[in-house]
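Given the sequences, and given the hints that come with them, work out the whole structure.
Quick note, the sequences are listed as chains S and B, same order. Quick note: the first sequence uses the numbering used here, first residue 1, plus one each step. Quick note: the second sequence uses the numbering used here, first residue 107, plus one each step.
Careful, some of the hints might be misleading.
Think about it this way: if two alpha-carbon atoms lie no more than 25 Å apart in a straight line, the pair counts; the simulated BS3-like pairs of lysine-lysine are [to be verified]:
| no. | chain 1 | residue 1 | chain 2 | residue 2 |
| --- | --- | --- | --- | --- |
| 1 | B | K213 | S | K55 |
| 2 | B | K140 | S | K75 |
| 3 | B | K213 | B | K248 |
Worth flagging that the hints you see were computed from the coordinates, not collected in a lab.
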Amino acid sequence: MKKFLTVTALFTMAVILTSCGAFVGSPVVGTIYTDVKYPVAVTSNSNATKVGSSKLTSILGIIATGDASIDQAAKNAGITKIHHVDAHSTNILGIVANYEIFVYGE
Amino acid sequence: MVNKHKRRACFAHPSFIILLLLNFYIVSAQDLSKYYTSIMQNDYVLYYIAPQKGFYNDKNIFTYDITYLSKSDSITLNFSFFNKNLLILDSISLCINDECVTSKLQKIFIEQNKNKWQCRYSSKFSFNFIYSFFTENNNKPKIILHSSSAPILLNINKNKWKKLSNLNNKIFSVMKANN
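Okay, structure coming up:
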């Protein structure tokens, strides 16, 4: 059991210190669990009436797919005038990480 | 001394770690803010229910998201239908308890994504109907997409719908309470 824990701890440290694992950029990162929302951009346009989102996912830092571009999120809702952009990152133990963009506009 | 060792061993046991992680997952799953966003505007609140999936036809996937401006009677349902063939859709019907409501579609875009066509459309429904549709958990709903060819019937798994309707019930309760 002690050997198993040592190996697990060493592996986890190696994954974190070598920036491996599924982590997405966010202002704060929790190595065990992350669930944070934060701002990305704001414009002078006011009164948003539409919201669009786009998402990307990373698994174990090995496979990463998706399109979390502002362009895609705006397109998904038919937004032509952007009001502001927020992001939402989640991560569980560096196994699964999601990064989602929310574009507000009209 | 022995008890102390036993207690330590208990916390280090893999099943304890798995239970701890499961707990994290359950706690985070109950967090509603993961599934919707709301922002205050001058005269209203803008709600957005993040994309949900579960409805399908054969191997074709249907995803939808919901946008609602408080104090408004109508609600916007945007959806993507991923299909092998290029489809030009005309209208969408939401059916629950033998009642179907149809709405004309407004095209957002049609694109080819890998091997499938992504047809993205927007539709408008009354708030009350969408509320009753997405919170009904006794009966399974159906969605019908109308095109120039045969209509496409979309179904959902019973358990998946139960989870979605419970979640939507909580989100719509927030919307109603702040309306």
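Hint check:
no.	hint	verdict
1	B/K213 / S/K55	holds (21 Å)
2	B/K140 / S/K75	holds (22 Å)
3	B/K213 / B/K248	holds (21 Å)
Violated hints are absent here; each numbered hint is respected by the structure.
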